[in-house]
Each structure stands twice: as structure tokens, then as C-alpha cells.
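**Student:** Spelled out, the chains give:
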Amino acid sequence: MTAPADSLVAICPLEALTPERGSAALLPDGTQIAVFLLDDGSVHAVQQHDPYSGSNVLSRGLVGTHRLTAEGEDAERLVPTLSSPMYKQTWDLSTGAVIDAGGGAKKPIRVFDVEVRDGQVHVATAPRPGTGSQDDEA
Amino acid sequence: MTVPAPSPLVPVRARSPLDGTRLLVLGGGMTGHRLAARLRAEDPDGDWSLTVIGEEPQRPYDRVHLSDWFDHHHEDLLSLETGVWDDPRITLVTGDKAESLDRSAHTVTCASGTVHEYDRLVLATGSWAWAPRAEGKDLPGSFSYRTVADVESLAAWVAERGETLGREVRGVVVGGGVLGLEAAAALQGLGAHSTVVEFADRLMAVQLDDGGGEMLRLLIQDKGIDVRTGVGATAFRPAADGAIGTAELTDGSELPADVVVFSTGIRPRDRIGREAGLAVGERGGIVVGESCQTSDPDIWAIGECASFEGVCAGLIAPGNDMADVVVDRFLGGTRTHSRGEGGTKLKGVGVDAAAFGDVNAMTPDALEVSFVDPVHRQYRKLVLSDDATTLLGGVFVGDISLYSQLRPLTGRALGADPSAVIAPEGGGDALAGAELPDDAVVCSCNNIAAGAVRHSVNEQGCHTVGAIKECTTAGTVCGSCVPTLTKILNQELAKSGIEVSRALCEHFDHSRAELYKLVEEGGQETFTEVVAAHGTGAGRGCAVCRPTVASILSSLGALAGKRHNPVGRQLGSLQDTNDHVMANIQKDGTYSVIPAMPAGEVTPEKLLVFAQVAKDYGLYVKVNGAQRIGMFGARLEQLPEIWERLVAAGFQSGHAYGKSLRMVKSCLGTNWCRFGVGDSTAMAARLEARYRGLRSPHKLKIGVSGCARECAEAQAKDVGVIATHRGWNLYVGGNGGAQPAHAQLLVEDLDDETLQRCIDRFLILYIREADKLQRTARWVEEYPGGIAELRRVVVEDSLGIGEELEAAMQRHADSYVDEWAEAVNDPERRAKFVSFINAPDLHDKSLRYVIEREQIRPARSEDDPADTFPTPLAAKEHALAGAAQLSQEDQ
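Residue numbers (this note's numbering), protein chains in the order written: chain C, 17 to 154; chain P, 162 to 1052.
Bound-form chain P, shown alone (with noise of 0.2 Å):
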């Protein structure tokens, strides 16, 4: 007997519990976001109704990195997944406030008079900025660090005071945790000077101890952000406009405060259910039980409104956790939710500090173990258990590398001498070969497990750290696990005997970067010498690998100041069409041609040239996504005589078509741009100058914005450079492209030759141990040891090879020539641009041309052949002429 299948047009799904519930979420945060986007995810088909209804006037956002918006200047960067407000069965209301909660009738009332009905009610309401009581407090002037909103008017204030005052803004921070060190970096970032004012003993008392809190005072304080500790604000006077001007503080003494940020902690936001007559915790907040409900069983409380064991977390991971519980037991589950050892981590700060587990060792007979460099600002801490094999907790300041490594294994055994551990050479060695269990949680943010990450390379076929992070979503929030999941990852591999293998191709074992380091030493200058020396055998190589040993022997010889013309005859017959003809191959066979514009630059008796030279060969003209022009439908055969009129006119190849810098986009800088901070432009010119035509393993662009509103969008780019009052930011490792990466920040506040020296440093490691085709994105983030340790190499120079990579690059600028205006000038060269060999006037007459708007494209097979034309100047011509006929007919 057959079963009859069904039918597609009635898709068969299972009931869900939730079917025909209303749902509703009081809070537009985080968790109310991840609420949404878990119920969505684990019940795709159930037929039920979610509002959400959050006060502030944004999408729900992501708060952790609050501090970013200073870099970004726009709130939609922080913005969490929005493909979940696109669900028809989830509606978001914003900017509007739930006013009251009746339980009775299920009914809640919003400030706009709107009343919305529940079967199920979630507080998600979080917390709200308190501020200790203290006379002037609430003076203009007086800002919280804890919206969008706040952020934008604290910048706002900032730059208005800083015009009225005509001198530095001088501002107080109330509070030493980790948001009131990232407040005193953004009022720093700002251009004001900022004093932390904390009262306890220490900075970020709550997560350090005594040794941490004074490692991270001596370097917070070598950022040039002063702190004092043991002493409060008490009172507030107005300078003579009535602004907020001076603070008060317990000791008697005072500080100038032209600006004051209260970062002194959160209380829950509970009225609503207060109110509601729910129960409420000795220190506030909703009081929940494990399945995060609350006294009333159709209300239910998560993130920091729910008061846990008496406890309102004020951290994301218990957030998520708690979300992912409700809308587990939403779905018939029996999930609890339980506080892990969490762990705090500072971040925008540009200071490294870290700490999880028992730090203070309270747990009866606690062994503390620690290791302090006050010359180096290190300090590092491990707390065990009396027997010194359970690892209790950990401190970490200046150098965090351990702990994404150590946090997940609290409680558990260290399984290595804890004093090698943290020993200042090498000591995360000792853990290397340490593996997690499967239950220990790597990523905390998202609550994902070793074994997950293991499952997700094991069985899912996850084989780079990025495809883990999009599997799994572990790595995506605040990144700190990054490492281990990059650990996790190699150890499996190696295990399960899957060798990623690196080899070239058949006719090389070596990786790119292995056969780089080979040429180098051994000295080969042409294909041949290169396979015979380290090839598997005979052959004469292939696709893959004749463009890569031409991309390396030719970034080798630029760096030697021993020009290998990239294109000359030596390296010709390697490359790719492209980088052979100095120009991109277009999808009918032309090519397109695209000079540099350094910095966007391009005078108009340059344009004249180009616009002439695109109009006597009829073709297409765009501006690319380079801040560049190019002209595209040009045959083999013109390129020549068409280069030849542009580099007569001053114009430069621009590399379109290598494996090199293509090019460095800037913003207007400070010549034009009434806000710029930095003369991005003049820089963008200078980096161009210096690093154009470098050969690289993949393509590079570099991005120069002259404020943080970053219209060069240079965190997108390989290499970004933005402008700040103090000097320049350099971010490395962004991307645009299939797998966007921002890029992240290497080093804050150079002068132009520092950050010169540092892109110089960055570049060459990345041409030396980058693998083919790997962007820098994929290489910082695979890179040993994270950020951390590129920073170490390249602005610190930990393996001294600074200035011999500096020398290298000044090799590589000096003997920069500009390849077209070469190759125009070379008869031989010239000779090579035929269309056939044995008929050079004659071209490939299969190429048509059709006009759309206005301008030519390659006709294609569904285009009518009495609307195509053989050439683009003909195309070009008969569209002129219609339009000419036209024009004469309308008059």
C-alpha cells in the first residue's frame, strides 16, 4: 500500500504549544531581542503572536558595545540581527512605554493610551542608571552611559562646551567599573580630559582584586585618564553660566567638571511589576525562580529587571541564558537556568583587563597564585582550590590571552602547573595541550559549549574559525572566545586526521607562506628555479599556483629594491590575464580601464583628458567602488593607445586588475570638512604613494577617515586609519565583500610616521605569512594569539624585526615605477597587444553592443541583433544620432 505524499501546497507541521498564544515582551533591549530571535529560530512554524514594546525610539541595540558608537557615529552599527522583525508573526513597537500592568484582565496600558493583551507576559524591562544622591547633580551638563541617547548627548555637550569654553573640556567620572572606565575612553576620545572618581579602594572592585585594580590604575592612568580612588563626589557647584563646573569630593578636595558621567552602578526596572503586585526581591527586581517565572505563572522575567537567587545580573550571558530558558519552556521544555562562574571582561577601553571565578579567593583555603610585572603593566592571577589541581578563578591585566582559555575550565581541573601557566614566557604553552570538556561553556554571550563547537567542526564540516561562528554563533558577541574556538578547532582536526591541507596545488606541498619564506632564502628568481627548487617534481605549473609564485617573487623583489616588473617578460607568461595585460577582464573578454586617483584627487583638465579618451572609443564610463573612474569595453588591442593619451595627461595605473593596494580611499579631511579632525586626504595620498603597485596574496584596500564619522568607512578596509584629536587610529583587518569583518583597532594615537611605520610592518607580515587569496580579515582573525599578539609584533616590535621590514617597504617605494607608462613606452611590450596575430586589424567580430541608459553594455543573447552594434563607438554613435533626431523632432 502507498502512502500518498503531501501535498507541497499544504505543508504538514507539527502543533506547537504556543499555537494561537499572544505573546507579549515589555523591553526593547537585548534580551527581549534574543528572546524573539531564539523563539523564531526554535519554533519556525508555531502560529502564535509576539509584540515587543521597547521605550527607546531604536531597534533594540547592542548595549555591550555601547562605547563603539564613538567609532562608528551611527547607532545602526550596533544594531542586533533584524531578520527577526521581519517575521509577520513578531511585531516591534518602538518609543512607546508600558505605563501599567493589570493581571487580572491581561491587559497592559502604554504611555500612548494603547493596551495590549497577553496570554503571556515577559518583563524584559532591564535596569536603569543609578546615580548616588548628591547636591547639583541633576545640572546641565550631568549625563548616565547607558543609551544610545546618552551617548549622543554626551558627544553633543561635549563639542558644545568645548566651543563655548574655547579651551579642553575637563570632565568627571563617577564611578571606576568597567562602564565608568569605557565612559572616562569615550569623554578621552571626545578630546576632554577625564578623572575617574571611584570610592572604593580600587578600579572595577567588583570584578579585580587588589593587585588587578592597581595593575589596570597604572594603566589606565598611562592613557593619560587620571584617577582617584577612596573618594567620593558629594556635591556639585555650576560654573558662572550655570552649567555643571566643579565637583566635590569627600576628601575636600575639588575637580574642575565641565562635564560629569555617572557610571555608579544599575538597579532593576521593576515598577511596572512592583506595581502589579508581583513579588519583589530585598534589593529589587522581579523575583524569578529557575524557569524564570514569576510569581504569577503567566509572567515571566529575564535580564536585569529578574532578581535571580536574589541577584540582578547586570551582565548580557545571564541575559541570553535567561530568554533561552522562557522560550524553552514556551516549547514544553524543562530547560533551568543556573549563574555560571561569569566572567568580566573591559573592552573600548584600549586597556586589557579580565577576571572570572572566586578572584578575591573566599573559598575556604583558596590558593592564590600570581605573577606581577609592573614594568611590563602585567598581572596575572590564578586562584585554586587547596590542593592546587581545581581552578577557582583568575585575574588578568594588561595581557588577557589566558583568559579565554582559562574561564571555561572553573571548577574543573587546571590540568597543568598553575605557576607555568601564568609564567611570563610562553606560559599559556603549558596549557597546549589541555583540552575543554565537552559541557564546559566557551563562548558565554551565546552559552556555547566545547562539545557544540566540536559537533559544529566534527559534523557539520566547520573547517575555519568563521564558519564556526556562523554555525554556531558562538564568537559573535564580544569575541573574547575567539582564540579557544580557533584551539578547539586545530585540536579536532588534528584528531579526526582531516589535514587542512595548505599545499598549493600538485606542484607544491608548501603552503603560500611556506614557499615565500623558501624563495626568500633560497634566493630563485623565475618560475622555473622556483619548482625545481622546491616543486614536487617536473611540471610546469598551473592556474593556482604560476599566479601565486608570480605574486611572491614579485612582492619579493619590490622589497629587495630589485624591481621584478611584475609584468614584464620574466613573470608574463604566470600571471592571469589581468595583472599580464594591466587590465580587468570583462565578461565578453575586453577590459577595463581604471588609473589611480590617489586619495580621489583628480583635477578637471585630467577628467577632460579621460572623458575624451572614453568618448573617441564609445565605452562604458562608471565610477567604481574604489573612488575611482574606470572605463570599460576597451579590446586587448587599444589598451596600449589609450594608455598611452592617459599617462601623457599625469594618469597612473591604478593596479585594478592585481593582487596589490587598489586603492586608499579617504574622506575630505580637514582642507574642506568642517568637521575633520585629521587631513585625511593629504594622508590618503602619502599611504597611496607609498604603497601602490606592492604584490600581496589577495587584493588590499586602505581607508582614511579625518573624524570619527568615518565616511571612508575605513573599518571596512584592510588597513583603516581614522583621525582623532590626538592623532591617528589604525584598524587592520576589515573587510567588505561575501564575509564582511570589521576591522579592529591595532593601535590608538600615532603621529604620521608612527602610523606609517606600523601600516609598513603590517603589510609585509601580512604578505609573508598570509596563505593565497586570504584577505587580511581572514588572516588577522586566524592569526596566533589573536590582535593581542599582532599588537605585540607589529606596534611593540616583541621580535625586533621592526625596522628591518621598514626598510623593506622604503625599498619597495623607491623603486616603484609605474607600470603603464612603462609598458606604452616599450615597442616590444607594445608589440604584444594584438587582437590576432595573423590578422592584427582585424577583431573579434562576435562582440556586440547595445545602448542602455545612455551608455554601451555587451548585448546578450535575448537582445534583438538589429539593436546591437559591432563596436561601442558605433553603438555609441547611433545612440547620439537618435537622441539628435529626437531633439530635432520635439522642436
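The following block holds chain C by itself, in its conformation from the complex (with noise of 0.2 Å):
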């Protein structure tokens, strides 16, 4: 689902991005966003807070890729992932589920529309439904 044009708000230039690497940025209702410019020149905007150490700190983590099946497809398929800097844990950054929480709970992060308009970097100024976890107030 994609949300509505209004509610995009731009943040930079697609140049000003770092390829494979994230950038922290700030929505205005002052809501901290990490997004990454991805080697196949995609963009993804996902919470900055990282739910299993508390900081925000995820415009910092690594991204990468996994092999993924998903439950009713047969064939794999590659999801770009996203790591957290801080222990470890690995989240689908498509959708924000948690690929590996190192032993821990799943706590999945909440996922921002993107789109590259005229190469400015517009993200939805709300996460997508369904993503993310209730009781993570970032």
C-alpha cells in the first residue's frame, strides 16, 4: 500500500545519500528516520530507534542482503536486511520484520513509504500500517 502523495515530505537530494550506507533524518513532527540509498538504487526509510538497545542509532547499521523463503512461495528470494550497530539484530528493511534477533524477541521496526521524485527523496510523514511493534515508542 502506498500512501497518499500529501503526505510525503522531502528530504534530500538522492545524490546527497551515501550508496550502502544510511542517513539519519528528521520527519516534522520531529519523528528520527534512518534512510539508505541500496546498490540496485533503491531507497528505504525505516525508524532511526533501535528497539533492542534503546538508541537511535539505525542510519548506522549495515545493510545487506538474505535469502529468504516465504511461507506459500517456493522459490527464494532476496530481501535487502538491515543490522543494527549496536548487537547485531537483523530486520528485512522491504518490511520491517526481524530476520534475526539474535536469540532475542522479534521486535520488527517501522517501515516509511519512499519515493524519488525529481531526484528529491520524498518520505511518507507516517510509517506504514502494520509495521513495527505496538509497544516500541520510538
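Simulated from the structure, these hints should not be mistaken for laboratory data.
Once the Cα atoms are required to be at most 30 Å apart in a straight line, the calculated DSSO-like pairs of lysine-lysine come out as: (1) P:Lys993 <-> P:Lys1006; (2) P:Lys748 <-> C:Lys104; (3) P:Lys783 <-> C:Lys104; (4) P:Lys748 <-> P:Lys860; (5) P:Lys678 <-> C:Lys104; (6) C:Lys104 <-> P:Lys1006; (7) C:Lys123 <-> P:Lys1006; (8) C:Lys122 <-> P:Lys1006; (9) P:Lys748 <-> C:Lys122; (10) P:Lys748 <-> C:Lys123; (11) P:Lys258 <-> P:Lys298; (12) P:Lys993 <-> C:Lys104; (13) P:Lys767 <-> P:Lys783; (14) C:Lys104 <-> P:Lys860.
From the two separate chains plus the hints, produce the assembled complex.
**Tutor:** Take a look at the structure:
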């Protein structure tokens, strides 16, 4: 589901992002987000708050990929991943689902829809519904 | 019907046969300790009391490694597991001596006058150092070599005598057995010249055959120790000041002797038992049977004071076994003591010699197969049954790598062609497939059989040598069986199909070492190239392989002299935040700033700049474990401006954030310290300048101590360097951390250049071959062939790669550039240090600080929000204002 166009906010020019690294950004309501430009040219945004360490650091995590066979699917697919710089828990960057909780509880993260228009990165002002966990107050 | 569960407040336990028993052990040595530890472990809930009385002032210590005292200069490092003394049931009395035993009253009276009652008594009084009758043998300057007190007074005497005489001290060691050779090496280590005088016609006459003794003589002489065999000392003459001065030998010759150490054998300390009327052996010692009970059913005897089958054993392994037997018997068992084919290994001398079983082929019709190479100083001999199938004994001098594999096979089929086994090239391979029977004792010190080791691998999940050691205690005393443990481990893992996957992650099937080699040969320079050439398929890596590849590319680049900027654009996206922003992330997401302080030196001028920066930002300041000062609490966007000021003052990056050299710790060395014998500070600065910035599989720490007092704790470092009067001793594979390891001695007596070359070689081998995040301690432990093989590769350059490795390290040193200086002068890099890409003037407002012990710390949820501040500076200023107000009120 894509958010209505009027709820997107311009963050920065695409070229300001560093390939395969994250940048922290602020939404108008003060929410901190982490924005990533991946090797395939896609841009992703998730919450900056690391639900495991409680610090605002996810933009400083490492990106990568993970081969995943989702339920009901036969073929493996490659999903983009993000690992926390604190304790290395890993999420699916496109859905916020936990891939590796490091043996602890699964704490998914909020995902924000992103659109690149005219070379500008736009991010939704609210998280995609159904992403993130209820108890994690960023 | 339900049975009520036992209340947890009233633990239910089986009655112990020892409940209510008062146990008394005379003798605070290794066997006494063993007995206490074993009883505690076997009967954790038993309601008994155990008192151990030791004459020495120390807690029981590891006498086997007495010579290590010269390296550590501290008896604590010899201490045996001390947890046993915390058991409320166990009492240790030190510094008191049992004087008499009253068997009918069941009491023991001590020198202090204390009377101890017992229900069961264990004699573990050990032995005393016997010295032959010789005129003048009690002159000042004559020592035995048995206790910590002995070695302490020996060291003090040599130091004092050297000062008095103003020349090299000349020592004579009477006795060329294992202990005598250790004493000779110790004397040499103290800066004295030493001569070993042995009455028999060869060294280690009890353990070695003629051929082995002769090879050992060459090796000992190679070390600069003189050897005189076939002669005894008949008398000692005083020097002008009354101290010992000259030794007269049986052949009429004389030796200068400023210090004499007697190591001519031991005699059981059986007086107390003898006077109480216990049966005593012909050659001394309290007579015991296979239950270790004496002629009095309430008294047992273990260790060197006990005579079993007419023999008092002077080794720790039978002593430990006897302690175990007594504990088993106390608890109602039927275990019996037997003397296996013990083996002996020379330690602490820097020369390898070991033997076991029937070394002199006394078994009727026994066959001997030997290999002698005087050029390379190697001697190997196997003794076999007349049909050449059963192994009866073996002698190894110069190269003892086969000893630990073969000793457990004593009395069993060798399973290979004996001449192939001892052949010079790849001899051990002849045994490669052979398996030890389950009941073959692998670790003779702790009496652990191959079956128990297998059990730990298969049933208890021990998949590393370290885990096996912890679980079974095998390999924890003398360590000589570690290669065998490794072999059993690998065999069992292969058998059970447990593939210990060394694959990095889903993106690479290779281990780090394999990938390193592939990239080195393939010449890939970016992650994209590496993953395309060696990866498992499409994908962009993960938090495991990306930093690993970054480290490999960075190491290879540096060693090739083509500097990959480790934190530049090319590798930047691969690295953890620490390496990427060249600072260590802290729990609140801020960073530490820890500049290098080579050798721990810092000028007041630089220190002022450091202090001013910390003050201007309100940062927390602490000296860390690496002999460096750090400031903590800096936000990402503050790092370039902070470092700009530090770089301008002459500070460089300390790489505290990297898997790289963290520091070279040193003591004061010779410039200031009155004890220093080598300039450890200058050497530390030199080594840090050479290895700084080198990326490695894990962090690296180096220590340099200026004398054997070892204030830099070099033996707890990956690379440890200790000065002696003859140069530098090099240790490798030490570690603090969660699994501490003592570094192992790699080579002794190096000059500056050779030291550096050895470290070059060692570090590059480690970087090439270690697994991801494997410290040198584990790498050295698991090195195929052990420290001896590593020594051959590094010191003797057996692979002929030494020069190549040194040249590579030179290229690294030549291409080194300070990462932070580079970054602060690069506007594009600096621009990446930004709080929010769309709001660079704002910062994370969830950060809060409080004051603790006059400095900041991150606020915690339980802190009152009213006491917290949004920045370190605000917190600090509030604290200072508060302090000022208080002091005004005081006035």
C-alpha cells in the first residue's frame, strides 16, 4: 500500500545519500528516521530507533541481503537487510520484519514509504500501517 | 495420588558416607590441593570437615611450573585453583608444620602448639631435596630448587652477588636431571653463567637413553650452558668473604662457583609417619597399597611421601591419581592406584626432550628403532616388542611432537611402520588415521582418558579444544597433550558428521582464511568483485561478511603497499559504524575519542589540548585498559571538529575502533626504572609505529616489559616482549578477556631487528590464517603442530617465506597514513559526519546526561528527569555551578 502523495515530505536530494549506507533524517513531527540508498538504486526508510538498544542509531547499521523463502512461496527471494550497529539484530529493510533477533524477542521496526521524484527523496510522514511493534515507542 | 514436591527451602540430599567425619591432610602441596578439590567436587553436599596444613606460607601452588616464577616474579601466577578454599567445609592452615602424630588419640600436634583431631588422616607431606655429602655444601650461596622460597632467595642471591663481585655470576648446578636443567636455565635467565655437573654419564639419566642424553647435551650446550657429566662435586671452598666460591670435582678439577644449586634428587618426607610407627619402605616413604591406605586403617598417604610397590614417585601424575583414589575410597568406592608407564617432559629450559616407557629397551628381545640427526639436533627412538608391533617406549629430543601422540599407546599396537613414524619428513603422518583406544590416558597429569575426551565432544557439545579443557580438565596442567586433544576432536567431529562449518555466512562458503587466500590470489579490490568471484550467488552481503571483506581488502592493500583507505569511500559501506566513523559507538549512540599514545607517553602540552577539548564539549574522561586516555559522549557530527583540534596538537588515531593494533603497552624500561634491563618504552614506540593501523581478524594488543618483573603484563597480550640481560624474549597468543590465556614463549634472546622480524612474520601469518574474529590465543592454540610448528615457521623460517612477510609488513609501515588527519582535511568526508541529513543543526534530543562522580554519564530511565541535561556540556556546567555555590556557602 502506498501512502497518499500529500503525506510525503521531501528529505534530501538523492545524490546526498551514500550508496549502501544510511543517513538519519527528521520528519516534520520530530520523528527520527533512517534512510538508505541501496546498490540496486532503491531507497528505503525505517525508524531510527533501535528497539533492542533503545538508542537512535539504525542509520548507522550495515545493509546487505538475505535469501528468504516466504510462507506459501516456492522460490527463494532476495530481501534487503539492515543490521543494528549495536547488537547486530537484523531486519528486512522492505518490511521491517525481524530476520535475526540474536536469540531474543522479535521486535520489528516501522517502515516508511519512499518515493524519488525529480531527484528528490520523499518519505511518508507516517509509518506504513502494520509495520513496527506496538510496544516500541520511538 | 500425588507426591508433594520437595520444598526448595529444605534441599534433599543423599547421605554422604563421610557425614560427620573430620578429615585432616598434612601437606599443603599439589596433591593435598588435588584431594581437597576432588572431594569437594565429588561430594558437594557432604557434611564433613577437611583441614589442610601446609608448612609453606603460600597457598598450595603449582610446583611443576616453579621455573615460571622467573618469568612472572609472582607466586600468585603459580597458584592452583583457589575456589576450593572458599568452601566453608575446608580449612587451609599455612605456615604451620605438623610435628607429631598420636595415632591412639587421633591427634596431630603442630609446631605452633595447635592440636588437630582427626577421624581420618591423609599424609601428603611430599619430599625434601637431598644433597650429597660434601664439605662446604652449606656455605652461603648454596640452594635447593624446590619451593617458591628457594627460587626467591636464589634470585636475590644472584642479584646481590653480581653487585658485590662486579662481574658475571658463575653458577654450578649439581645434578643434571629435569629439575637441574631447569635450575641451570633459571640461573642463566638471572644473568648468571651456569655449569651443570652430573655424576651419571648423561643428562636426564633416569629418563633418557644414551643417544637421547647425548643429543640433549648438544642442545643444552647450544644454549650456552656448560655440561660436565661423569663427575661429582666433592667439596666447596669459600671465597675471601666467606660465601661459596669454588667447587672441587671428583676428577680433581675445580669450577668457579659463586652460587650452587643442588638438584640431586628427592627423599620422601616420612618422619612423622615413621615416628608414629607406620610401616616405612626400604628406600623410605610410608608404605601404602593400591587403596593408598597405610598400615593404620585410619591413615592414608599420597604423593611423594608414599611408597607404593617400593617406589616413591616424584611426578605429579601418580600423586594426583593417589589423591583421586583416596577420595573415591572415602566415598565408598573401590578405585585402585596403579603406576602406568609414566612419561617425563623437560620444561622451562627452552630445549625439548621427552620420554616414556621402556626407554632403555630392558624388555627381553625388545627392538629399538631410532633416528639421529646431530645437524638439526634431533633424536627419536621407539622401543617395540620383538615382533615390532607393540609400542613399549619412546625417547624424543629436539623435536617432541610425537611424544603426546605416542605416549598413550604404551603397551598397545603402534599401528604403523615404526621407521615411517620417526622418519624426518612428515613422520607423524604415518599415524594420521590411528585412533587411541577409549581407555588410553591422554592427559596423564589429570588422568583423563581418550574416551572421556570423546564423550565431551559427542555428548557434552565441546567443539573446541578450549571447551574440552574446561569440561574435562585435560590439557590444563602441563599442556603437552593439547595436540592429541585437537586430533581427537577433529576425528570425532568428522566421524559424527558434525561439520564445523567455517563458512562465513550465507554469502560465502569459505572460511575467512580461505577467502583471504582467494582474494590475495584473485586480486579483487571491491566487495562487488569479491562477491562476484567468490560469493554464493547474488546478494550484497551482511553484517558478518561485509566487515570481514573490508578487513581482508584493507590488510591485503596495506601489505601490498597499495593503501586502501580503510575508511574511505571504497570500503566505507562495508564497515561497522565504528570503523566507518573511526570511533567506538557507545550505548547511547554517541562515540568515544581515543587518540594513540605510543608507549603510553604523552607530553603535558598535548595533554592540555586533550583536556581543553574534553572540557569544551563536557565529555567524560577515562583512562582505558590500553594505557590510553579517552573522552566519551561525542556526537557523530562533533567528531571531525574534535579530531581537527587533536590532529593539530599532534595526536593521531589510536584505532581504538578497529580490528587492528590497539596499543603497545609498556612499562618504564631503562630510562627511569631502577630494575629495567631493556628499553621497553622505546621498543613499544617502535613497534607501535610499525604495526599501527594494520587491519587483522580481531583486535591486537602488544606488550613490552623491560625486565622479568613484567609490569606491562606482556604475557597477557597477543604479542608479548620481555627484556632480559641477553635481549628480548618473544611470547605469542596471550589474551585477557573472557577466556584468558597466557602467552607462550616463541623464542628467546633476540636483538631488536630479529625481534621485529619475528613479530612481522607472526602477525602476517595470523592475518592470513585466522578465522573471523579469532584472537591470536585461540589461533595459536589450534595451530596445526602447536607452538613448536609455529616456531619452526616463524623463527626458523621452515617455509622459506620469512623475507616475503617482512617485506609485506615494511610496505604496510611505509604506506601508513593517519586516518583522522586524512579525514579532517577532506571536506567530502567531513560532510558525512552529520546529525540529520535534512536538519544538520539539530541533534538527537533523546540524549540526556546526568552527573556522577563529577563527570557525565548517559541518563537511565530510573534517573529523575529533573536531574538530566540535554548535552554533556549543560550537565557539566550545572555541576560546576553547583560546586561553586557550595564552596561559596562554605566560606
